[in-house]
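Colleague: Each chain, letter by letter, is given below.
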Amino acid sequence: MNPFTYRRATTAPEAAAAAALPGHRLLGGGTNLVDLMRKGVEHPETLIDVTGFSQQIELTPGGGLLIGGAVRNSALAAHPQVRRDYPLLSRAVLTGASAQIRNMATVAGNVMQRTRCTYFADPAASRCNKRVPGSGCDAQGGFTRYHAILGGSSACIATHPSDMCVALAALDATLHLLGPDGPRALPLSEFHRLPGDTPHLETELRPGEIITGVELPPPLPAMRSAYRKVRDRASYAFALVSVGACITVENGHFAEIRLAFGGIAHRPWRATRAEAALRSGPATPEAVEAALKLEFAEARPLDGNAFKLPLARRSAAALLAQLIGETA
Amino acid sequence: MSRVQNTLIESVRKVVGWVPERWLPGGTPDPLIGRHGAVGTQLAQLDGPQKVRGAARFAAEVPLEGLCYAALVNSPVTRGRITRLDTAAAEAAPGVLLVLTYRNMPRLGLVPLMGVTNLGAVGNSALPILQDDQIRYNGQVMALVLAETQQQADHAARLIDLSVDTAPALSDFQAAKPEARTPASILVERNEQSAGDAEAALRQAAFSTDATYTTPGHNHAAIELHGVTAHWTGNRLVLHDATQAVAPTAAALAKLFGLRREDVRVLSPFVGGGFGAKGFWDHQVLAVAAARMVDRPVRLMLSREAVFRMVGGRSPTEQRVAIGADAEGRFTALIHTGYSVMPPYSASPEQYTLGTRSLYRAQSYRFGQKHLDLDIVPNTFMRAPGESVGSFAVESAVDELAHAMDIDPVELRLRNEPETHPLTGTPFSQRALATAWRQGADRFGWDARSTMPRARRDGEWLLGMGCAAGNFPYVRMPSGALRIRLTRDGQATLSTSAQDMGMGTATVQTQHAADRLGLPLDAITFEMGDSDLPAAPVAGGSSQTVSIAAAIAAAASKLTVELLRLAGNASPLAGLRAGEVRLAEGGLVCIEDPTRRETYGDILTRAGRDEISVTETGAPPLEIFKYAMLSHSANFCEVRVSDVTGELRVTRLLGVFDVGTILNPRMAVSQLRGGMIMGLGMALSEEVLFDERSGRIMNPGLADYHIPAHLDVPEIDVTWTGIPDPRSPLGARGIGEIGITGVAAAIANAVFNATGKRLRDLPLTLDRLIGAEGA
Ligand SMILES: Cc1cc2nc3c(=O)[nH]c(=O)nc-3n(C[C@H](O)[C@H](O)[C@H](O)COP(=O)(O)OP(=O)(O)OC[C@H]3O[C@@H](n4cnc5c(N)ncnc54)[C@H](O)[C@@H]3O)c2cc1C
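Chains as they are written, first to last, in UniProt numbering: chain A, 1 to 328; chain B, 1 to 775.
In short, the hints are calculated from the structure, not lab data.
One or more of the hints may lead you astray.
[Claimed, not checked] Quick list of simulated restraints, FRET-style, between CB atoms:
| hint | chain 1 | residue 1 | chain 2 | residue 2 | range |
| --- | --- | --- | --- | --- | --- |
| 1 | B | Asp406 | A | Asp303 | 36 to 44 Å |
| 2 | B | Asp406 | A | Arg279 | 51 to 59 Å |
| 3 | A | Thr11 | B | Arg84 | 47 to 55 Å |
| 4 | A | Arg300 | B | Gly445 | 41 to 49 Å |
[Unchecked claim] Per the computed footprint, the stretches of chain B lying under chain A, defined by three or more beta-carbons under 8 Å from a beta-carbon of chain A, are:
| hint | region |
| --- | --- |
| 5 | 151-157 |
| 6 | 270-281 |
Nothing here was measured: the structure is a model prediction, and the numbers come from that model.
Every residue gets a Cβ at the ideal spot worked out from N, C-alpha and C, and that includes glycine.
If we strip away everything but chain A, and leave its shape as in the complex, we get (with noise of 0.2 Å):
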């Protein structure tokens, strides 16, 4: 690991100036940025601990939850109004990592975590056009287990791997900002980006910008709401495969749908397309088999990861036959 200068800000607007700065970095449990660091993927000069500020969870005027940034991922999942109103959040975020990471990690350190292509963690051998663009990409040909299926370019077919982010695109989740012109907000699944040819610019957030938060819209009325995690163990693995889903159903058909998935694209991946295939529609095995085949049309799986097409529908569909039960 390089040596490093480590600083606290102490508020939102201090840490933001200070992102701005070359070589500035900013910290929050760690449990990414360091692992990086030793691995020589990383090399900050400065770090900037934002775990002191966006501490709260907060009640918002109409009726939704603002949840600091650098909220630690245990006490999001223990809070009682989460896990009340948003059980999915809380599943989701309780699938990931292991205790002792969801205690040091953070909310926006959780949004901003980075992929765990293998290839990606190894730059004493391998190739990557995230860490150094136009380099190539070992990954291609290699073990792609843990790669996209979805919206993977030539470049790069790594993925996104967080839990919570699947739970917070299902939940219609929005980021907020502060960058240099100001705080802004953006749906958070909008904020992570496809590889397209610039892998290494994998989210919407600008220089000097940091995510002060994350807020939840309000929890729609009889709303059922499910995550569903496969990995290859019981717990403390990334996910092959997950999914989340809300849904609200009125006369055997969807009111409202939102569907997300994990571990198969370099985004929490919003299933619009099943979405808008399936809202106001019936609900049904087979209308949820169409709308899954509809999402997928597009997919393109690789040799080692091939698997994940049918283990991404027949889990949605398990999911959605399973809320739309709850429902009855």
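Following the hints, position chain B with the ligand against chain A.
Modeller: Positioned in the frame of chain A, the structure of chain B with the ligand alone reads:
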């Protein structure tokens, strides 16, 4: 490994076969067998409190004045020649004391490979250590950086600039098969063995199965990383090491660095897990060389990644198992052959066919293994090397045959129990696998199993049961020495250089010594983990318990003789010979007339002595040539498999072990259950991701190399037949490795029973269950 060795071993077996039983070790059963003493009680691990308090000091925790810290640079390429190695920036970095490369490393010879022909050798790699500009495998050490702090060393290591002229590497398993070698022997066994025409018998069999099974590479993941603290004073070297081979390490270092053996001391009182990994690798040599060059104590602890890159693991295997059977299910042919990786510079042949050779009776056989030569970190021994992965193949095959014949898989196995060793005809010293099967089937509720796959379901979860046998040979090492020192106050100290990797060696041998010497537990002190003590061999092959037990028994016999001599004519024991007394109640007692007795204290006092000390070596392990000596297990398992996702959960595991006397039930359960958990990991998730394009391991850490998490581990029921082996010291056989064997097959067989899908490739991940089509 040679033909000469085959001839030698086979003639020993023949000669020993003629020798009358009573002349051999174990010919007369150990009198302690069946005695109810300290052995067999649930004594807690003696060093437990120390470990719980954090007071046990491991090799990488030893504090020393002036200590400096090492970091390593591992090769990112697999084959090639270093063309540029710029160390200037690293040398100029803060705190750096030394950058060691092939240019300034002292010229050293090669470390001899451990093996059956050279029991004193410890090497896991026969490759030169920083001696030239050649790169021979991915991860090979290129440089060592020493600095005042670990952080400074780690940082400076990154500043070394390396250019390599890369050369083509051998890293493709399938591509290497045409060039495979067929070694003459595998450990002490002749490699290729056959009886009858097994292929013809297979073709003619009423029922048969013939399939290929694969297992991936596995890496060691002991909780304690490999670490050393090396320290010179003048020409004397002290190495605090985490090792399974204390005395052989000292001998190897002495030879390598041109020192007298008595000038090297290796200390390893605690080892945080060995499993075959804690042997002699490059890091010990590098730390010792670096410490000498800077004349300061050096700490070198491998990172988890470095353990993956520099310490080999279990080889991948591709195995063919074919079984033919007649209409009654009696085996007419048994074939087990295959490929594993073993470059010429590594020591471990991954003996996956050896277990099969004694497991079943069959009318014809064919066994043989081929080795592939790839450019890899030398593969090594890993808990039940061979039997772990071999049992997956053979025990899956038996299940396939049972299903094809519609016979209960337990019943099919019982029908093929051999009476004597199937290949050699030697009698088993003790074998109660059939008892284990019956005991297990009953305890597990095996009759609840549906013979039809996919017949039991709980919502989306398919339920299934499976079973599989495991076995592991009895091994006793020759030449383990041990000293007993008895003092006038009736205290005994037993000393041997042997090693305790956490399994409780000192505890169990304290129990043993109490019984052997007729002393209470608190009168016994057991010292180990120090090469200045009488030399014990490497701890491997589950041999240490019986090897030390034999040494204690031998030393106790010698002690008896010496004590009788000391007792002299004034003693009530006067005139008695060693065979006429036993050690009991703190002294010597005449067997015929127990009123003739004297305590150790009284004998020493009369003789005007404060203490008496004897050192002795266990008798040569000739019993292994006279008898077929093996432990066995019957494993039962229940699984749930999601019909939606293919996720596999093991819900119940039972192991019934036929392993001789259980010396300490509490620790035995822990050893056996630990082995079973490792078997579970092998079944469910463990796999080295070796990128065959580059020859590089791509998951060198525990986030990506998946050992079981707590939630993967179900309730594990462990029990045993409890029948002593009449031919071994204490009636015991080793229990360190048997636990892992058979578990993966039991799970795969249960998966078949649940889903109707036969998975012949480990690990049993969900993609293999749902496939690319989601079928
Ligand atoms: C072994 C292991 C297993 C794991 N398993 C899972 C899993 O199963 N599921 C899962 O979802 N996750 C998993 N994780 C990842 C874990 O969730 C993330 O490491 C964690 O959420 C990151 O949060 P942090 O606060 O520690 O981030 P840090 O490591 O501190 O930072 C991560 C990134 O966020 C940036 N950042 C931090 N704060 C801000 C801010 N306010 N504004 C803008 N940028 C910011 C940092 O600069 C850095 O780039 C695992 C991690 C490990 C190590």
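Colleague: None of the hints should be skipped; say for each whether it holds.
Modeller: Each hint, compared with the structure:
1. B:Asp406 / A:Asp303: 36 to 44 Å: Cβ of Asp406 of chain B to Cβ of Asp303 of chain A: about 38 Å, so the range 36 to 44 Å holds.
2. B:Asp406 / A:Arg279: 51 to 59 Å: Cβ of Asp406 of chain B to Cβ of Arg279 of chain A: about 52 Å, so the range 51 to 59 Å holds.
3. A:Thr11 / B:Arg84: 47 to 55 Å: 49 Å, holds
4. A:Arg300 / B:Gly445: 41 to 49 Å: 48 Å, holds
5. 151-157: holds (count 3)
6. 270-281: Our answer is that it is violated, as 0 residues pass the Cβ test (under 8 Å) against chain A, missing three.
Hint check: a violation occurs at hint 6 only; the rest are consistent with the structure.
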